[in-house]
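A.B. asks: Throw the hints in and build the complete structure from the sequences for me.
In the order they appear, the protein sequences are chains A and B.
Start counting the first sequence at 1; every next residue gets the next number (my numbering).
Start counting the second sequence at 157; every next residue gets the next number (my numbering).
Bear in mind the hints are in silico, worked out from the structure with no lab data behind them.
One should not assume that every hint holds.
[What the hints assert, rightly or not] So, partial list: chain B residues that the calculated Cβ filter (under 7 angstroms) puts toward chain A:
(1) L223
(2) K225
(3) R226
(4) Q235
(5) P239
(6) E242
(7) R248
(8) C249
(9) T264
(10) Y265
(11) M266
[What the hints assert, rightly or not] Chain A is nowhere near these chain B residues, computed Cβ spacing over 12 angstroms in every case:
(12) H172
(13) N236
(14) A243
(15) G292
Just so it is clear, the structure is predicted and the values come from calculations on it, not from any experiment.
No residue lacks a Cβ here, since even glycine has one placed at the ideal position from N, Cα and C.
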Amino acid sequence: MSMSEPQTSIVLLAEGSDAEAMVQMDSGDKFFVAVADAARACQMVDRFKEFGPQFNELVRTLRTWLEDHRDKVKSAHLAIRSRDILFLVIQKSAEFDQQLSESLTELDLLIANSRELNLIELDVLAIPTVSRESANAFLSTGQAYAPGHAGAVDAE
Amino acid sequence: MPSKDAHISAAKANQHTIDYLAANDEHMPWVVTVAFYKALHIIEAVLDADPACPIKHTDDHKTRNNLLKRTNRYRNLWQNYRPLWEASLIARCLRANEAAPSHDVFSTYMPANKVRSLILGHYLAQIESSAAKILGNDFLTAQPKPKSL
Chain A
1 MSMSEPQTSI VLLAEGSDAE AMVQMDSGDK FFVAVADAAR ACQMVDRFKE
51 FGPQFNELVR TLRTWLEDHR DKVKSAHLAI RSRDILFLVI QKSAEFDQQL
101 SESLTELDLL IANSRELNLI ELDVLAIPTV SRESANAFLS TGQAYAPGHA
151 GAVDAE
Chain B
157 MPSKDAHISA AKANQHTIDY LAANDEHMPW VVTVAFYKAL HIIEAVLDAD
207 PACPIKHTDD HKTRNNLLKR TNRYRNLWQN YRPLWEASLI ARCLRANEAA
257 PSHDVFSTYM PANKVRSLIL GHYLAQIESS AAKILGNDFL TAQPKPKSL
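C.D. replies: This is how it looks when you write it as C-alpha cells:
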C-alpha cells in the first residue's frame, strides 16, 4: 500500500512574463489575467494587509493633532481619493491662521517621513470656516470619512 | 520637458503678472494664484539644476509634493510651498460661502496686506531664498546665457 503525499503545486507567476493565467472561481466563473498583472496583484494584496493597521495608526495620529488644536478646529474630515487621502481641516476662524497652517505642515512632514506610515499617501489642507456645502468642493472628489464620528474629535 | 532656464523665464513672467495685479486689492486671489505658480516654476528649476535630485522634472502636483515633503534637503521649500498651495486652492475654489453668497471668503481669509506680507514677503521670498542656494543668488535677475553653437 502506498501512501501518497498531499501534492502542493507551485505556480510561477513571473512579473516579466507575457503569458496569461486563467483564474477559476468556486462559482464557476473564469477569467483571464496577464501573469504580470497577477504577480503585481499578489504584491498589492500583501501591501493591502499592511495598509489597514497603518490607516488605524494614521487616524490615531490625526486625532492627537486635532486634540492639540481643538480650540482652532471646527471639524476635520478624511476624503479617500483614488491616489491618496485628504485630511481636510475646517477652522473655527474665517481668517488665515499661520500657526495652524504651519503646524499642519509639520504634521504632514511627520506622516510623510514616518516608516510606520510608509503606505500612506496623505495631503493636508486647512480652510476657513464655511458651510458644509462649500467645504464639499474639497471633499466631493473622494469618499468622506469624519475621524471624529468614531469617537473623539469632531468639534462641530 | 522644459529646461531650468524655461522655468526661470516663466517665474519671471509670473512676477511681472504679480506686480501688475498687486496694484489692485481686488485682484489678491489672482496674486496668490500666480505666486503659487511662480513658486512651482522655481521648484521645477531647482529639480532640474540640482545634481542631487534623482528626478529632473515632475508632471503633476502629487509627484512634486511627494518629492518635496520626502526629501530632507527640500524641507524648507515644502514648508513654504505648502501654505502657498493651500492659499491658492482657497483663492480658486472657495471664493464664496454657500451659506452667505455675497460674502467674499478670500478677502476675509487673507486681506491684501497679508497677501503682501505673508504670501509674497514671506513664503514666496523664502522659496526664492532656498532656491538661490542651488540656482545662484541672481537667478531671477540674470539674463539667460546664450546657447553656444
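A.B. asks: Output the numbers, in ascending order, of every earlier hint that fails for this structure.
C.D. replies: Violated: hints 1, 7, 13, 14.
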